[in-house]
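*Asks:* Below, each chain spelled out in residue letters.
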Amino acid sequence: MSAAAPLPQSIATLYSDHHGWLQGWLRRKLGDASQAADLAHDTYVRLLQSRRSAAIGEQPRAFLTHIAKGLLVDHWHRQEVERAYLDTIALLPEALAPSPETRLMVLETLVRIDAMLCSLPEQTREIFLMAQLDELTYQQIAERQQLSLATIKRHMRKGFLACLAAA
Amino acid sequence: MSTAPSMAVLAEAADWLVCLQSGEASAQARADFERWRTASPQHAAAWQRAEAVLGDFASLPAETTRRTLSRLDAPRRRQALRVLGLMLAAAPAGWLAWRQAPLWTADLRTATGEQSTLDLADGTRLVLDTASAVKLRLAGATRQVHLLAGSILVSTGRQSLDVTTQHGAMRALDSRFAVRLLDAASRLSVFDGAVAITRAHAGGMYTAQAGEELEFTQDAIASPRPLGASLALWDKGMLVAKNMRLDTLLAELGRYRHGIVRCDPAIASLRVSGAFPVHDFARSLVLLRQTLPVQTSSVGPYWITIERAL
Numbered sequence: 305m306s307a308a309a310p311l312p313q314s315i316a317t318l319y320s321d322h323h324g325w326l327q328g329w330l331r332r333k334l335g336d337a338s339q340a341a342d343l344a345h346d347t348y349v350r351l352l353q354s355r356r357s358a359a360i361g362e363q364p365r366a367f368l369t370h371i372a373k374g375l376l377v378d379h380w381h382r383q384e385v386e387r388a389y390l391d392t393i394a395l396l397p398e399a400l401a402p403s404p405e406t407r408l409m410v411l412e413t414l415v416r417i418d419a420m421l422c423s424l425p426e427q428t429r430e431i432f433l434m435a436q437l438d439e440l441t442y443q444q445i446a447e448r449q450q451l452s453l454a455t456i457k458r459h460m461r462k463g464f465l466a467c468l469a470a471a
Numbered sequence: 002m003s004t005a006p007s008m009a010v011l012a013e014a015a016d017w018l019v020c021l022q023s024g025e026a027s028a029q030a031r032a033d034f035e036r037w038r039t040a041s042p043q044h045a046a047a048w049q050r051a052e053a054v055l056g057d058f059a060s061l062p063a064e065t066t067r068r069t070l071s072r073l074d075a076p077r078r079r080q081a082l083r084v085l086g087l088m089l090a091a092a093p094a095g096w097l098a099w100r101q102a103p104l105w106t107a108d109l110r111t112a113t114g115e116q117s118t119l120d121l122a123d124g125t126r127l128v129l130d131t132a133s134a135v136k137l138r139l140a141g142a143t144r145q146v147h148l149l150a151g152s153i154l155v156s157t158g159r160q161s162l163d164v165t166t167q168h169g170a171m172r173a174l175d176s177r178f179a180v181r182l183l184d185a186a187s188r189l190s191v192f193d194g195a196v197a198i199t200r201a202h203a204g205g206m207y208t209a210q211a212g213e214e215l216e217f218t219q220d221a222i223a224s225p226r227p228l229g230a231s232l233a234l235w236d237k238g239m240l241v242a243k244n245m246r247l248d249t250l251l252a253e254l255g256r257y258r259h260g261i262v263r264c265d266p267a268i269a270s271l272r273v274s275g276a277f278p279v280h281d282f283a284r285s286l287v288l289l290r291q292t293l294p295v296q297t298s299s300v301g302p303y304w305i306t307i308e309r310a311l
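If you read the protein sequences in the order shown, they are chains A and B. In this text, residue positions in the first sequence follow this note's numbering: the first is 305, and each later residue adds one. In this text, residue positions in the second sequence follow this note's numbering: the first is 2, and each later residue adds one.
Pulled out of the complex, with its shape left as it was, chain A reads as follows:
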């Protein structure tokens, strides 16, 4: 990713030919020009990182929107988490409101964790969070949920595996 490395020819062409179009496409999806510019930029960065420029083939715009759609989904997910987080901390007493740095850090982590957890069934998620967030022991969770310790462990294993696969 060194700045001195020459841009592969195909990417340079892809940029000059389609950047304006991609940005317009993103602006229509997002309704915001500066966010569209950011995501268009990110799309090309992703393309450079993926080293798949050889695979662009005959339909460069389809390839670009394929990448951009993935980024859009991430972007919307992040926005959704951010809104929920800001709504939550808006209710905190002023003395407890996190600093902007803390907010940013917590938000990044929340986005990752929400992505890890979203594939889990409700019950597994709840049991998993009781251990990871509420710091209850497995035995305490078993008692509260009126389930056996073995069942709790099965949910926990499922939760950890979902997190590890998404990490």
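Honestly, the hints are just simulated from the structure, not real lab data. One should not assume that every hint holds.
Cβ-Cβ distance ranges computed for the label pairs, FRET-style [as the list claims (entries may be wrong)]: (1) B:Ala40 / A:Trp380: 34 to 42 Å; (2) A:Pro397 / B:Asn244: 38 to 46 Å; (3) A:Arg332 / B:Gln167: 54 to 62 Å; (4) B:Gln160 / A:Ser423: 49 to 57 Å; (5) A:Pro397 / B:Asp33: 27 to 35 Å; (6) B:Gly124 / A:Pro425: 20 to 28 Å.
Counterexamples of contact, computed for chain A against chain B with all Cβ distances above 12 Å [said to hold, decoys possible]: (7) Asp321; (8) His322; (9) Arg331; (10) Lys333; (11) Leu334; (12) Ala340; (13) Ala341; (14) His345; (15) Tyr348; (16) Arg365; (17) His370; (18) His381; (19) Tyr389; (20) Thr413; (21) Cys422; (22) Phe464.
If you want the footprint, here are the derived chain B segments under chain A, 3+ residues with CB under 8 Å [claimed, not checked]: (23) 166–180; (24) 207–217; (25) 252–259.
None of these values were measured; they are calculated from a predicted model. No residue lacks a Cβ here, since even glycine has one placed at the ideal position from N, Cα and C.
With chain A held as given, fit chain B onto it using these hints.
*Replies:* For chain B alone, coordinates are given in the frame of chain A:
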């Protein structure tokens, strides 16, 4: 990155996470785990992910995270139900259970390792220690702070203040004191001034003076003892131990961090004196190794064992 772990290896890592977190891992199991972790780059990479996941959870404020996730959940769940053609009915029992958990109602709460200060208009200052929660009722004739978990340090200002726990009530004016919720009792330590205790059920009273520390339950107030220097400085980030048992010290320091600290029973009763930084566990371990015949070993950052040095 070059050795992305396979799903099979990730599944093994998940098994180890459950085994270690369940608290059931024997010394043998931990040795087996260590062998597994170092068996191949794939295993090491899988465990790095595991530590990243644990680190993510450990770094989040529990209450805020819970609330944020439930906000995120609500529209998604409604959508799922609509897809199924169902009316929006009761939320799953588990979700209700945690919403109604006592801690949920806390007005102020700190995460593990966090401390937080609240200054009131009359000059009263409340400091919440690690993993603590209080409910506040500040309007009306008597201002009340109800301690739900952990411990608080209170310096009262111009107005009197009632501090309650499940075990009883304390009234303070112009004093500085700490209240800590233990498993089966509440502990009051008075640094300045005086604090009057009333038990929750029986009507007994006792006024604790500066320099006294005592425990009380709903039914009894224990006799006071001189205030130990220990623990009095936690709001300054220090834990001062005076001839404290090693296992007690580790338990106290452990309240400020996530993860498990195991103290070998053979050295649990060693006596320790010194000042330990509560927010820097690694530094505290170094201090212990320098002053006691102990060694420490860790399985990742979350499981730490302290044994007699060989």
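*Asks:* None of the hints should be skipped; say for each whether it holds.
*Replies:* Structure-based check of all given hints:
1. B:Ala40 / A:Trp380: 34 to 42 Å: Distance hint for B:Ala40, A:Trp380 holds at roughly 41 Å.
2. A:Pro397 / B:Asn244: 38 to 46 Å: 40 Å, holds
3. A:Arg332 / B:Gln167: 54 to 62 Å: Holds: the Cβ-Cβ distance is about 58 Å, inside 54 to 62 Å.
4. B:Gln160 / A:Ser423: 49 to 57 Å: 52 Å, holds
5. A:Pro397 / B:Asp33: 27 to 35 Å: 48 Å, violated
6. B:Gly124 / A:Pro425: 20 to 28 Å: 51 Å, violated
7. Asp321: Holds: least Cβ distance 32 Å, greater than 12 Å.
8. His322: 30 Å, holds
9. Arg331: 26 Å, holds
10. Lys333: The assertion about A:Lys333 holds, with a minimum of 20 Å to chain B.
11. Leu334: Nearest chain B Cβ is 20 Å from A:Leu334, so the label holds.
12. Ala340: Consistent with the label, A:Ala340 stays out of reach of chain B, its closest Cβ about 25 Å off (over 12 Å).
13. Ala341: 27 Å, holds
14. His345: Non-interface label on A:His345 holds, nearest chain B Cβ at 24 Å vs cutoff 12 Å.
15. Tyr348: Non-interface label stands for A:Tyr348: nearest chain B Cβ at 22 Å, farther than 12 Å.
16. Arg365: 30 Å, holds
17. His370: 22 Å, holds
18. His381: Violated, since 9 Å does not exceed 12 Å.
19. Tyr389: 5 Å, violated
20. Thr413: Check fails; 5 Å does not lie beyond 12 Å.
21. Cys422: Non-interface label fails for A:Cys422: nearest chain B Cβ at 8 Å, not farther than 12 Å.
22. Phe464: Not fine: 4 Å to the nearest Cβ puts A:Phe464 too close to chain B.
23. 166–180: violated (count 0)
24. 207–217: It is violated: at least three residues are needed, and the segment 207–217 of chain B offers just 0 whose Cβ sits closer than 8 Å to chain A.
25. 252–259: violated (count 1)
Violated hints, listed in ascending order, are 5, 6, 18, 19, 20, 21, 22, 23, 24, 25; each of the other numbered hints is respected by the structure.
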